[in-house]
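Participant: Using UniProt numbering, read the sequence shown as starting at 1 and increasing by one per residue.
Quick caveat, the hints were computed from the structure, so don't treat them as lab data.
The C-beta atom is built at its ideal place from N, Cα and C for all residues, glycine as well.
Don't take each hint at face value.
[Stated by the list, open to error] Pairs of lysine-lysine, DSS-like flavour, derived with a Cα cap of 30 Å: (1) Lys-227 to Lys-298; (2) Lys-340 to Lys-142; (3) Lys-205 to Lys-298.
[Said to hold, decoys possible] Label pairs and their calculated CB-CB ranges: (4) Ile-164 to Phe-322: 21 to 29 Å; (5) Ser-332 to Ile-293: 44 to 52 Å; (6) Thr-54 to Phe-187: 49 to 57 Å; (7) Ile-293 to Phe-322: 30 to 38 Å; (8) Ser-175 to Glu-338: 17 to 25 Å; (9) Asn-286 to Thr-223: 44 to 52 Å; (10) Arg-299 to Val-421: 23 to 31 Å.
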Amino acid sequence: MEKRTKSVEMVRSWIWRYDSPMAQIVILGVLCFCCPGMFNAINGLGAVGKTDATTTDNANTALAVTFATCSLIAGAVFNILGHRLTLFLGGLAYVLYIGSYLSYASAFVITSGGILGAGAGFLWAAQGAIMISYPEEKDKGKYIGVFWSIFNTGGVMGSLIPLIIEWNSGKSSVSTVTYISFMVIMFCGTLLSLTLLPPNRVTRKNGEPVSMHQYSSWKLEATEIAKLFGDWRMLALIPMFLSSNWFYTYQFNCFNGGGLFTTRTRAFNGTFYWFAQILGSNLMGNFLDSEKISPRRKRRAEMGLVALLVIATSTWGGGYAFQRNFTRRSVSLLMSNEQKIDLTDSRRFAGPVTLYTSYGFFDALWQTYCYWIMGSLTNDTRKAARYSGFYKAVQNAGAALGGQVDAHKVSFMNQLVVNWVILTYGCVSAYLVARTVTSSSDSLDSKTVKESEGLQSGFPPDVPVSRTGGAEAHESKETHDSVLSIPKEVPGN
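Build out the structure end to end from the sequences listed, making use of the hints.
Facilitator: As structure tokens, then:
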């Protein structure tokens with residue numbers, strides 16, 4: 001009994017040790033709680049809290065286009081500049097974007113959206129690389145769930161801010177105080193990026209660092225990124241990735257922000273939406289990790305896809321039934337708050353808030369599976385950064401398309417049906433990858449790591465590369481210091 005207690009204490013001590021993967025994931029989660037978490041909260045109000053959704057649609061399209069474009073190179077930026085500087089630059093872009101709504105000059109808002117796209121691409125590539133490469137293979141789903149819980153607590157808290165401020169307001173747009181509150185929180189989150197440790201100083205339970213790779217180069221990164229477009233697994237996952245943010249436009253701007261609800265009700269809906277994401281991510285993450293479900297990781301990957309397909313059908317089927325009750329034109333005629341659905345009217349409110357909560361729950365299941373399936377393909381931090389960048393590029397191409405569909409006033413019903421079809425096809429195509437999942441990704445990484453380290457160190461791929469970088473015959477402190485971490489001379493890091 002004493003031995004068991006000591007073992008439990010050791011595990012607990014490791015989990016909360018600053019240089020443990022869990023501690024770093026928690027810090028990363030809080031950072032994303034403050035930046036994209038708060039962005040999601042205010043974006044979930046529809047039109048970023050403004051009455052006219054057209055400017056926001058165009059800004060979100062600019063965001064998605066630059067997000068998609070910059071995400072392709074974001075993995076390279078992460079591998080060369082390091083995660084702290086990459087995350088810091090990304091966080092500042094969120095502050096600028098929310099600040100642009102204080103002026104509400106359309107050109108400035110749209111330009112800020114484009115800048116945020118670049119910053120978000122950097123931030124999410126770094127986030128994805130850390131989240132899916134730091135944990136041990138048996139814990140990847142769990143770590144995704146932990147991150148997603150903290151991150152989406154930002155959405156919950158962020159939804160409560162406008163709910164409290166706008167509770168007695170009859171306005172259909174959000175006040176200046178709300179925007180300033182979000183900007184302060186986002187800036188505090190940005191500063192947290194400077195507290196993260198370099199990967200080579202983060203140690204797993206077995207005593208090994210999560211990464212001891214040397215710095216990359218632009219030439220090597222360009223080659224490796226190009227290879228992604230020839231990787232059949234990445235190509236097969238494109239429909240799943242494409243659909244993963246496409247539905248946000250329908251959910252935020254059509255369903256919640258289309259004019260059907262009062263402002264405080266939209267904020268209240270958002271609170272439930274993001275809280276459901278906390279539950280959904282932990283449920284899916286633990287399901288995919290659980291050897292009690294099946295000892296075979298491949299089997300769990302397949303079962304997870306089946307669960308996604310069933311839940312997608314039921315959730316979007318329910319959405320289809322509810323969407324038949326209102327149209328873009330009908331909600332435009334709801335001029336007063338008395339005509340709109342308010343949270344105090346339980347008879348009219350119960351059904352829509354349940355459906356919106358289900359949308360949030362499903363979103364978390366989908367996103368968690370996307371990250372987990374990428375994590376099942378690699379344990380290498382550099383490759384994980386490229387995968388995450390590719391994922392975000394495709395994801396935001398879908399978001400750009402979804403935003404323009406709404407900007408061109410396509411009916412709410414048609415947008416729902418398009419989302420439903422793409423999600424269904426995403427499950428089918430992802431099965432091709434799920435059936436190839438192995439019990440360990442180490443064998444998949446070994447050849448790539450050996451070749452890239454050999455090329456980067458200046459030695460041919462067949463020369464043994466030490467854990468501290470370079471050829472074993474040429475080990476030195478200089479080589480050791482050149483592992484994948486932010487350079488000491490980089491300002492602000």
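Participant: Now tell me, hint by hint, if it's right for this structure.
Facilitator: Now the hints, each set against the structure:
no.	hint	verdict
1	Lys-227 to Lys-298	25 Å, holds
2	Lys-340 to Lys-142	40 Å, violated
3	Lys-205 to Lys-298	25 Å, holds
4	Ile-164 to Phe-322: 21 to 29 Å	28 Å, holds
5	Ser-332 to Ile-293: 44 to 52 Å	47 Å, holds
6	Thr-54 to Phe-187: 49 to 57 Å	29 Å, violated
7	Ile-293 to Phe-322: 30 to 38 Å	32 Å, holds
8	Ser-175 to Glu-338: 17 to 25 Å	21 Å, holds
9	Asn-286 to Thr-223: 44 to 52 Å	37 Å, violated
10	Arg-299 to Val-421: 23 to 31 Å	28 Å, holds
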